[in-house]
Each structure stands twice: as structure tokens, then as C-alpha cells.
Amino acid sequence: MSSIPSPIPVLSPLRMQRHPRAVVVLTVALLFAGGGLMMHAESQIQVLGLLAAFLAMFAIADRTPLGQDVVAICGDYSGFANGVAFVCALGLIAVFRGEHYTLLMLATVALFSTACIALNLQLAFAGIANFAGAAFFVLGSYTAAVLTAYAGIPHLMILAVSGIVTGAIGVVLLLPVLRTRGHYAALVTIAFGLLLRSLLEVNDTLGGPQGMKIKGFSIFGLDFNRVSSVGPWDVSFYLPYAVLSICILAVAFTLIRRIERSWIGIALDTVRSDETAASVFGLSIARWKVVAFLIGNAVIGVAGAVYGMMNGFVTPNGSGLGDSLLMLSIIVLGGLGNFWGAVVAAMVILVIPEKLQAIQEFRLLIFALLVLGILLFRPSGILPRPIRDLSRFIGRPGADA
Amino acid sequence: MDVGILAQQLFNGLMLGVIYAMIAVGFSLFFGVLDVIKFSHGDVVTVGAFSSLGAAGLAGGLVALPPVLALASGIAAAVAIGALAGVIIGRVLVLPLRHAPGVNVLLATLMAGTVLREAIRLGVPNGGNPKPFPALLPGGSIKAGSFSAGIDSVMILAAGLLLVLGTHLLITRTRFGLAIRAVAQDGEVARLSGIDFQTVVLGTFALGSALAAFAGCMLGLYYREINFNMGVLLGIIGFASAVVGGLGSMLGPIIGGFLFAGVQTLVVVALPVSSAYKDVIAFAAIIVLIAIFPTGLIAERRSERV
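Top to bottom, those sequences are chains A and B. The numbering of the first sequence is our numbering, which starts it at 1 and goes up by one. The numbering of the second sequence is our numbering, which starts it at 402 and goes up by one.
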């Protein structure tokens with residue numbers, strides 16, 4: 001009965017080689033070195049060169065047997081690769097410890113990646129189109145702003161409360177949609193985004209168009225905004241925020257990856273791909289949609305709260321439809337359901353317009369056109385999510401008892 | 402309340418309602434023939450408004466034509482460019498993606514809307530700021546007690562009502578309308594009985610988009626100001642009207658549009674202090690209405706094919 005296929009099928013010389021973990025470490029380290037250079041690059045030529053190098057690497061990984069082997073090895077050791085990536089991210093922070101701007105950008109990319117992974121849970125797994133990602137992000141910031149201003153509760157708890165508030169508002173928003181079929185979630189979330197933005201702009205207690213100030217994060221008596229040195233090194237006060245953001249990304253990544261790999265993920269896939277079949281098998285469509293929407297928005301809210309605290313202020317500006325579409329561009333460019341794709345795309349979409357000032361004004365137009373092209377010519381995204389293959393569980397002892 | 406003010410509010414509500422209905426009819430048409438929701442529809446309204454502004458400005462400013470001809474060229478430009486935009490979106494995006502997951506079509510049309518919006522913002526000189534719209538209709542007003550309506554507004558209202566009625570007649574009385582209804586009922590069978598599927602679908606897109614573009618032109622004439630992102634709001638309201646009235650039916654979106662305008666006017670009348678919250682209440686109303694009427698007032702009859 002035990003016919004579990006070996007995790008590494010024999011395909012090519014490289015796959016049989018004896019140090020697959022070394023391949024993983026080298027690949028991940030190379031990618032992070034490139035990413036770090038990209039964030040640090042000063043001149044436009046450097047940025048364009050790095051972009052070209054990334055495109056070349058992507059082509060190699062996609063087209064040549066060697067590249068495909070490396071990708072497959074990283075896939076086989078994905079847990080290990082993720083661990084290496086975490087260490088590499090901390091390494092980047094250590095390298096850029098004194099540079100405010102690079103660290104700010106690194107933390108921003110990490111927080112937006114967190115939000116986009118959460119959006120992936122909603123759109124790619126559960127099939128709920130959430131066109132208010134940026135609104136929930138800003139909602140998390142506003143919750144943190146109000147709580148730091150008016151309530152003396154520990155900041156770690158403020159992050160949790162921000163998550164709970166955004167998650168709860170999301171569920172209230174989803175309730176009307178559960179009575180419908182089709183894509184009314186899109187309409188309701190767009191309406192919510194516009195509602196929130198006009199509400200924040202006219203409401204004086206929340207600061208109106210000027211927004212609100214937010215106190216910095218502090219934990220166990222350590223005020224993040226006052227950090228200026230760690231041991232013998234002078235560091236930027238963005239350093240603790242960068243570490244916190246990377247940790248939040250890691251937690252969200254692990255959590256949502258666990259959900260995807262568990263029976264919850266299977267239930268979500270079923271609900272998305274065929275509601276009728278799902279209900280025939282006794283899955284509650286409403287319940288699974290609520291679960292995905294709740295967890296997703298809670299994660300977005302926490303990321304938004306940290307982002308607000310890092311910046312020290314929040315305005316209604318970021319909550320519009322444009323920014324929500326930017327988040328969706330990230331997950332489509334990265335490939336629906338592909339988490340590392342989302343991280344890479346977040347870096348490309350957030351960093352490149354900052355570095356190439358010439359396209360800053362045109363970024364929405366460019367990304368909208370890019371997304372249109374991808375939807376037309378590569379509908380599952382640049383790095384598609386692999387189809388779930390459960391065949392290897394079928395023969396497992398006890399599975400069919 | 403005095404009868405005149407009541408009539409005044411009723412008039413304002415009708416005015417808004419006819420514009421919403423014109424936009425909502427498009428949503429319902431597209432949903433009928435292809436079962437897709439085209440979220441770039443609101444931005445087609447903006448495209449119509451800006452192309453009529455451009456054409457009218459060109460005709461009135463450079464060539465110094467009388468306002469009537471400037472108006473005519475403005476309307477012609479709005480209708481032509483709007484219909485063209487609709488056909489292009491239908492041909493390039495919606496038809497090829499018709500068998501893709503629904504979310505992809507949704508995202509594609511939203512991104513197409515973003516492209517239109519950003520193209521206007523970046524392409525029109527000083528496009529990020531509101532643009533004044535010329536007064537091309539005759540001035541003067543009709544007064545009765547405390548009721549007063551500009552002649553231009555009356556003309557806009559009459560034109561809108563005529564167009565909505567005309568579209569209704571087109572759908573119910575002509576061969577083209579018959580073809581649209583056949584495709585909406587069952588595209589495969591319609592094709593088998595010799596209907597050119599693609600022409601009908603693209604014709605429907607042209608019709609719906611031309612109506613939306615004309616609504617954009619009317620909005621410019623009515624408010625005397627247009628904005629590159631006015632389509633977002635109008636698209637949402639138009640879609641909500643179509644949903645509340647019943648997607649896929651013809652009368653539904655018209656009723657929905659007037660209902661929606663009625664709610665908005667009522668909010669402004671009942672809560673004059675909070676006009677800043679008008680949009681907030683409008684969006685909240687959309688969310689609540691979907692909760693109350695998930696399939697619309699005139700529900701589409703459909704069964705699940707398993």
C-alpha cells in the first residue's frame with residue numbers, strides 16, 4: 001500500500017547532486033543580494049541593469065533545464081528555502097543598518113507583501129475579489145492611531161486589536177454578499193473603499209484630509225523611534241521596524257501557507273472552483289468565505305497598523321481604489337496564489353517607481369496595462385500557483401481506513 | 402413642505418435618475434448578452450464627457466461655430482468615441498476572456514477602466530484638476546412659485562427620457578433587439594439559428610457604451626464641470642442601480658436608477674446639515690440594498706446548470 005513517490009524524482013544530473021541545500025542557499029542568497037542592491041541603488045542605470053539581470057534570471061529559470069532544476073530543488077525544499085530567506089532578509093537589514101531610506105523601503109515592501117499574501121488567501125484561494133485591500137490597510141493604521149492616542153494599552157495588543165477591528169469590519173461587509181452569487185463582493189468592496197475614503201475626509205475627529213499622527217511602536221519599554229544604536233553600531237531608527245516587518249511577514253507567510261496546505265485550503269479551493277459541487281459535498285460556502293475574508297483582512301490590518309506606526313502618521317489618501325488596484329496588480333503580477341511571486345512583485349511595483357522618477361507619474365497606467373497583458377496572455381500570472389496534487393496522499397497507510 | 406420645493410426636489414431626483422438609468426442599462430445589457438460585469442463602464446462615462454468637451458471646445462473655440470453646432474459635434478463625438486471604447490474593450494478584453502474565471506474578467510475590466518482614467522488624467526492638459534464645461538444649451542428658466550428649473554435642465558431631462566425610451570423600443574421592437582434578446586437567452590442556440598454572435602455582442606457593447614458616453618455629456622452640461630475620476634462613483638452607482646433593479650432585465654435598471662436617485666435626493670432633503678456625508682450614505686445604501694435584494698427587484702429567472 002505504501003507507494004509514496006520519492007520527493008526527488010530522478011530527472012537530470014543536477015537534481016541528483018549531493019548538496020541540494022547548498023543550491024537552495026546560493027539561489028536565495030543571490031536573489032536577496034539582487035533585491036538589496038535594487039533597494040540601495042542610487043542611479044537609474046544601476047536600477048535598469050538590475051531589472052535586466054532579474055529578467056534574465058527569470059528567463060533562465062523558465063527556459064533552461066538548469067534553471068528548471070534549481071526552481072524544482074527550491075520547490076522540494078521550500079521550508080528550508082523560506083528559512084534561508086528569513087535569515088537573508090535579516091542579513092540585508094544588518095548590512096543596511098544605518099541607511100534610513102533603504103530600511104524604510106525594505107520594511108514597506110515587507111508590509112505590502114504581507115497584505116498581498118493575505119489578499120492571495122482571499123482571491124486566489126477562496127475566490128473573493130477584495131477591491132478594498134488598501135482601505136483595510138489604512139483602516140489598520142487609523143485603528144492604531146486612535147488607540148495610541150486615546151488608550152493606554154500595550155502596543156503589541158494594539159496590533160492585535162487593529163487586526164480584530166479590520167477583520168470584524170470585513171465580515172460585516174461580507175454578510176450581504178453571502179446572500180448572493182456571482183461577483184457582488186467586488187461591488188461591495190469597491191463601495192466600501194470609496195465610503196471609507198469619503199468618511200475619513202469629511203470626519204473631523206479623525207483628522208479630515210490631513211489625517212492623524214501615530215505614536216511610534218514600543219514594546220517592553222523599548223521605544224522603536226528612539227533606537228539609535230545596537231551594541232557598538234550606530235543604526236537607523238527604522239531598523240527595529242524593518243525587523244518587526246520581516247517578522248510579521250514571516251508569521252503571515254507561515255500562517256497562510258499552513259492554511260493553504262491544510263484541509264482548510266482544500267475546502268477553500270473547492271468553494272472557489274465550484275460552489276455547487278462544494279455544497280453538494282457538504283461544505284458551507286458562506287462559512288469558508290467568511291473564514292478567508294476574516295483572516296485575510298485581519299492580517300492586512302496588522303500590517304497597516306505597523307506601517308502607520310513606522311511612518312508616524314496616516315491620511316485618507318492611501319485608501320482609494322487606485323491603491324487597492326495596485327495591491328491586486330502585485331498579486332496578479334506575482335501569480336495568483338504564489339507567495340514568493342507576491343513578494344518579488346511587491347518589490348518591483350513599490351521600488352521601481354521610487355527609483356525611476358520618470359515613471360512615478362505613470363505607474364498606475366503602466367501597471368494596469370501590465371496586468372491587462374498578463375490576464376490576456378498568461379492568465380494564471382507570471383509565476384503560476386502549481387495545481388494541488390493530492391495523489392501522493394492516496395496510497396498513504398491509514399488514509400483510506 | 403411647500404409644493405414648489407417638493408416639485409423642485411422631484412425634478413432634481415428625476416434628473417439624476419435618468420442619468421443613473423442610462424448608465425445602469427449598459428450594465429444590464431452587457432450582463433444579459435455575455436454574463437459579464439464590465440467595470441470600466443463608469444470610465445466610459447468620463448470618456449464621453451471629455452470627448453464632448455474636446456469636440457465642443459474645438460468647434461466653438463477654433464472654428465467659432467454657433468453653440469447649437471458645437472453641442473451637436475460634442476454629442477456626436479461623445480457617442481462615437483464612447484461606442485468605440487466599448488467595442489474595443491469588448492473585442493480585446495471581454496470576448497477573449499469570456500471562458501476565463503469570472504475574477505479575471507472583473508480585474509481586466511477594472512484595469513481597463515484604470516487605463517482610461519489615467520490616460521485622461523495624463524493625456525488631457527491639466528487633466529488632474531476639474532475642468533469647466535461650456536454652457537451650450539439656451540439659458541433662462543421656468544418659474545412657478547418656489548419651483549424653478551433651467552430650460553437647459555428640462556432639455557437634458559427630456560433627452561435622457563427619450564433615449565431610455567428609445568433604447569427600450571430598440572430592444573423590444575427591432576430585429577437587432579430581437580437578436581440581442583436571443584443571444585441573452587442562449588448564445589449557443591442563437592448562433593445555431595444564424596445570428597452573428599460576435600456582431601450582436603459588440604453591437605450591444607457599442608449601444609451600452611454610447612448611452613453611457615451620452616450620459617457623461619449630459620452630466621457635463623448639467624453640472625458645468627467634469628473630472629477625470631467622476632466615472633468611479635458613477636460606475637458604482639450605475640452598477641448598484643442595475644443590481645437593485647435586477648441585472649439582465651431591461652426595466653430593472655431604469656427603476657433602479659430612479660430609485661437610487663430618489664434615495665440620494667431624500668438624503669439631501671432630510672439631512673441638509675450632512676451633505677458632506679452624501680457619498681458615505683450613498684455607498685452605505687448600496688451595501689444595504691444588496692443585502693435586502695440580492696437578486697434585484699425584478700429577479701432574473703435562471704436555473705443552475707450542473
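Just so you know, not all the hints are guaranteed correct.
Footprint (simulated), chain A over chain B, 3 or more residues, beta carbon under 8 Å [to be verified]: (1) 490-500; (2) 533-540; (3) 549-559; (4) 577-585; (5) 629-637.
Derived from the structure by calculation, the hints contain no laboratory data. Cβ atoms here follow ideal geometry from the backbone N, Cα and C, with glycine treated the same way.
Here's how the hints hold up against the structure:
1. Note: the segment 490-500 of chain B has 4 residues with beta-carbon separation from chain A under 8 Å; the three-residue rule is met and the coverage holds.
2. Closer than 8 Å: that is the beta-carbon criterion, and the segment 533-540 of chain B has 0 residues meeting it against chain A, so the requirement of 3 is violated.
3. Closer than 8 Å: that is the beta-carbon criterion, and the segment 549-559 of chain B has 0 residues meeting it against chain A, so the requirement of 3 is violated.
4. With a cut-off of 8 Å between beta carbons, the segment 577-585 of chain B has 0 residues touching chain A; three or more are needed, and the interface restraint is violated.
5. Coverage of the segment 629-637 of chain B by chain A holds. Counting CB-CB distances below 8 Å, 3 residues qualify, and the rule asks for three or more.
Comparing the model with each numbered hint stated earlier shows that hints 2, 3, 4 do not hold.
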